[in-house]
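A.B. asks: Take these sequences, add in the hints, and give me the full structure.
Those protein sequences? They're chains F and L, same order as listed. Sequence positions in the first sequence follow the UniProt record's numbering and run 1 to 580. Sequence positions in the second sequence follow the UniProt record's numbering and run 1 to 580.
Any given hint could turn out to be false.
[Claimed, not checked] Cβ pair distances, simulated, as ranges: (1) F:552 - L:158: 41 to 49 Å; (2) F:57 - L:314: 55 to 63 Å; (3) L:121 - F:76: 46 to 54 Å; (4) L:315 - F:184: 53 to 61 Å; (5) L:58 - F:300: 47 to 55 Å; (6) F:256 - L:147: 15 to 23 Å; (7) F:300 - L:178: 53 to 61 Å; (8) F:256 - L:351: 33 to 41 Å.
No lab work stands behind these hints, which were simulated from the structure alone. Where is the CB? At the ideal position from N, CA and C, for every residue including glycine.
In case you want the letters, here they are:
2 protein chains.
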Amino acid sequence: MTIFSFFTRASKAFHGYPVASKLLLVCTLSSGGLVAYSESQSDIGSAGVVVDQIETKKKKVVVLGTGWAGTSFLKDLDASRYDVRVVSPRNYFAFTPLLPSVTCGTVEARSIVEPIRKIIKKRNGEVQFFEAECVKIDASNNKILCRSNIESNLVGNDEFFLEYDYLVIAIGAQVNTFNTPGVMENCHFLKEVEDAQKIRRTVIDCFEKAILPGLSEEERRANLHFVVVGGGPTGVEFAAELHDFLEEDLHKLYPGVKDLVKISLIQSGDHILNMFDERISSFAEQKFNRDGIDVQTGCRVVSVSDKEITMKVKSKGEICSIPHGLVVWSTGVGTRPVVKDFMEQIGQGNRRILATNEWLRVKGCENVYAIGDCATIDQRKIMEDISAIFEAADEDKSGFLTVGELRDVIDDIIMRYPQLGLYLTSKHLADVTDLLKDSEGNERKEVDIEGFRLALSHVDSQMKSLPATAQVAAQQGSYLSRCFNRRDQSHKNPEGPRRFTGSGRHNFQPFLYKHFGQFAPLGGEQAAAELPGDWVSVGHSTQWLWYSVYASKQVSWRTRVLVVSDWTRKFIFGRDSSRI
Amino acid sequence: MTIFSFFTRASKAFHGYPVASKLLLVCTLSSGGLVAYSESQSDIGSAGVVVDQIETKKKKVVVLGTGWAGTSFLKDLDASRYDVRVVSPRNYFAFTPLLPSVTCGTVEARSIVEPIRKIIKKRNGEVQFFEAECVKIDASNNKILCRSNIESNLVGNDEFFLEYDYLVIAIGAQVNTFNTPGVMENCHFLKEVEDAQKIRRTVIDCFEKAILPGLSEEERRANLHFVVVGGGPTGVEFAAELHDFLEEDLHKLYPGVKDLVKISLIQSGDHILNMFDERISSFAEQKFNRDGIDVQTGCRVVSVSDKEITMKVKSKGEICSIPHGLVVWSTGVGTRPVVKDFMEQIGQGNRRILATNEWLRVKGCENVYAIGDCATIDQRKIMEDISAIFEAADEDKSGFLTVGELRDVIDDIIMRYPQLGLYLTSKHLADVTDLLKDSEGNERKEVDIEGFRLALSHVDSQMKSLPATAQVAAQQGSYLSRCFNRRDQSHKNPEGPRRFTGSGRHNFQPFLYKHFGQFAPLGGEQAAAELPGDWVSVGHSTQWLWYSVYASKQVSWRTRVLVVSDWTRKFIFGRDSSRI
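C.D. replies: So, in structure tokens, the structure goes:
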């Protein structure tokens with residue numbers, strides 16, 4: 001019996017007892033020196049089993065999606081604590097705020113993407129990635145069905161199941177056409193890198209077609225009519241980029257048709273960029289007016305055909321159709337079918353969008369989290385819990401809440417119901433005592449439950465759902481990974497606010513969004529920005545601020561260098577108009 | 001009557017007489033100063049007509065294709081002498097020698113393309129470009145039918161005719177499958193930029209598919225088997241690039257399947273790179289052997305299905321099939337249908353490839369030229385004209401050719417029949433007198449016709465058809481543009497050699513190809529090169545020579561900067577494996 005076969009038998013004998021087997025292995029390694037080392041090498045098969053058995057004690061975390069939310073979650077997750085699997089139809093993270101720049105070649109598509117495998121490779125511990133689409137979430141059995149999205153003749157099954165202990169849904173939203181006929185078939189979108197590349201090719205197609213011999217002027221004009229539907233930041237930025245591309249590059253290369261080009265921006269609201277400050281809206285409208293971009297506000301698109309776009313002018317009730325060469329649809333987000341199906345399973349079927357609690361846990365599911373555009377936080381109203389809060393705060397159970405008692409719990413209340421913090425700020429209330437003032441503005445030492453209810457009655461009006469932006473998604477991903485990393489600690493020492501409707505404290509503080517401002521590039525090296533503290537900035541210097549912020553926010557040094565060199569290249573050589 | 005209306009009337013009165021009208025305009029400009037200047041501005045309409053009438057006297061040159069030949073022709077053409085129109089399905093020039101680098105992301109696709117409109121914009125005079133494919137050449141009516149290749153809903157007729165006085169065919173060749181079943185459907189090619197981009201995506205697909213859960217090892221191996229058919233420079237370079245991509249980048253990102261990857265290179269001949277020096281062939285084979293690239297020489301591919309490639313081992317006569325994930329077919333070139341159809345019209349129907357004379361004029365057509373891969377030069381044999389040459393050289397009509405008489409015409413003969421020059425070099429004959437030596441090697445003062453015929457009898461064996469390379473195409477384009485630019489001068493003062501079968505001289509010297517050497521990058525920062533003068537160079541330094549030559553040969557400063565920065569980027573950050 002060789003040493004090898006002895007160890008094999010011994011390890012087999014201990015097979016059911018991983019800890020004992022491990023002890024044996026350690027003992028072998030420490031006592032046997034070189035021989036034992038070489039044996040343990042040959043015996044890697046059974047040793048592997050032992051390791052596996054330890055590994056499988058790790059909780060399985062499955063992450064769906066590699067957008068802002070998913071990637072931000074993965075970047076900060078301590079992967080050594082979990083068995084992490086990532087499923088996404090795209091094997092890269094894309095810096096989506098630069099997509100409008102990709103449509104015109106200001107920045108190349110490759111410069112804004114980073115392979116997700118590169119990002120997860122740097123994690124502490126192994127993270128497995130599968131390029132596939134999750135087509136079904138089976139919440140009751142804690143597993144998902146995935147399907148490979150590779151259209152090819154490669155062999156092997158396209159479908160597979162993955163089991164999870166925790167599921168993180170971060171698959172983003174899909175385009176919302178508002179059921180407008182013809183939009184899906186005849187419009188371009190700006191959600192994926194491929195969309196941007198397709199738009200770039202189509203813009204060139206429009207020019208190449210318009211310049212061919214034998215077309216009437218009317219036909220040339222139709223082919224060179226670029227329509228953008230949606231006056232939000234994406235639509236506005238695309239219109240601005242396109243205008244710059246025409247002015248700075250294409251006009252020189254297609255001089256024969258340059259006077260026939262037109263850009264229209266259609267917005268259903270009364271102003272473009274209406275989520276921004278009014279000053280920014282009007283600055284943008286004036287700039288577009290000077291640039292010759294036709295901004296049509298108060299227009300609702302009724303249908304889109306392959307040749308024409310039909311819309312209704314709200315004020316007059318008129319319906320008109322105009323021929324187009326390219327329509328980019330950039331308005332609103334909708335829920336993906338797989339999420340819709342999941343919502344039906346967990347009793348959220350009548351909601352429009354998946355709801356989570358303030359800790360980003362899906363309502364109705366213990367072990368599923370949802371972050372980014374695919375979900376919304378269903379913030380609890382303070383008025384729903386007003387009696388419980390009063391009761392908990394009224395420590396001496398006197399039926400009256402004193403200023404002192406309120407001071408003791410106010411931080412917990414603000415943490416649990418952030419709308420109260422916003423309310424205090426909006427009303428310029430510096431101190432809690434101000435909250436307890438009566439209707440005439442006189443200070444009170446204490447209030448009863450009715451007085452307390454009245455004092456807080458307008459607080460819930462400050463509740464706002466978060467916008468579907470990269471900033472929110474990234475913060476949510478990062479927040480959730482912190483919770484995952486500190487799950488054990490926080491279980492022992494809860495970090496969150498007091499539970500008013502129960503006992504003890506919440507394990508974590510709820511997610512709180514911090515707004516760092518928002519940009520809207522307007523073309524011609526000008527941008528508008530809304531910065532924290534209601535600061536508004538417009539013009540050339542804002543564009544430079546935009547450059548520096550976007551360069552610094554890149555996910556890797558590779559993309560940072562590439563994006564900056566793309567900008568430099570554009571300044572020196574212009575944009576490329578090759579149709580590839 | 002204002003000055004303006006006077007000039008308007010005057011110009012109308014002279015409308016039928018362009019020269020007079022032009023004189024009037026010149027007189028106006030020189031005498032009237034500022035007023036007259038402003039008048040001539042207002043009067044631009046009728047002045048435009050005059051210019052048009054002069055312009056239309058220019059000969060119409062239509063160029064088909066924007067590859068190496070077409071672009072090189074356009075770059076050097078004096079566009080002010082002709083009315084130039086360019087038709088190509090691609091609105092850019094691509095630096096094709098870097099296509100294998102694009103397949104693996106060593107260089108980006110955008111870095112090797114330059115919009116053709118940018119190139120022609122710099123020409124002296126207006127050149128019109130139409131993005132369309134020539135589908136029919138009507139040689140008898142001097143016109144071509146073109147069809148736009150834009151697949152879209154844009155309005156306007158897709159087809160149009162163009163008339164020409166001179167037609168330059170530079171549309172290149174298409175892939176030659178040698179009628180092997182399944183190749184068109186199941187193989188990738190490496191002729192266009194899109195091909196390279198598709199290969200890049202497919203390589204990533206193979207890895208993403210192979211790493212999915214639930215595949216057997218056999219299936220993973222099949223998906224990761226990359227097959228290259230053709231051991232020419234393109235096939236070899238692609239295999240080398242792919243090997244580097246796997247070794248340097250993908251192995252790190254897909255550690256689970258890295259041992260299952262295999263690259264096979266299938267070559268029907270006995271050696272790869274068999275158009276190069278033997279030393280290079282064996283160096284390449286040894287390097288590939290060390291790298292683990294499976295080189296299978298003496299194998300002919302019989303058929304390709306979506307899952308398997310079937311080939312016949314020539315030596316054993318065996319037929320075997322192996323599963324594959326990706327097959328790149330890179331062997332031989334074939335004639336495009338539109339050229340085939342044109343050949344039928346002009347009586348070249350039984351030829352395999354379009355033939356031109358030594359001045360690149362299509363045989364059987366007065367005003368059609370063909371350059372690049374789409375045509376071959378049908379070099380006239382010296383033996384066909386031997387009597388005429390003898391007669392022309394024998395100035396005193398003595399029936400004997402003296403050394404002196406031969407010296408007088410030898411330059412013309414070598415210019416007209418370049419194979420004679422090659423023959424002299426290959427036989428190390430320094431002087432013409434050597435040519436006249438008798439069979440025993442004794443010098444002769446003179447020879448009769450039979451002696452002359454005997455002396456030159458082996459000369460035609462030196463005739464070689466030129467390879468289908470970028471170098472040949474570029475030189476042909478450049479040569480032809482010089483001929484076009486000097487058409488008038490050379491008509492008055494012919495520059496070419498003496499006509500032996502007629503009187504006078506040829507207008508131009510025939511096209512003479514100058515070989516500047518050829519590279520074969522072999523991966524791992526090593527390359528092989530065959531340089532002029534039978535120099536052979538292999539190894540790392542040759543790779544650096546390759547870098548510098550390829551950087552210097554770029555068509556524009558933009559692409560030069562981009563290509564060099566791509567190389568730098570690869571060294572620092574590696575290649576991108578995002579599937580876009």
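A.B. asks: Which of the numbered hints above does this structure break?
C.D. replies: Result: no hint breaks.
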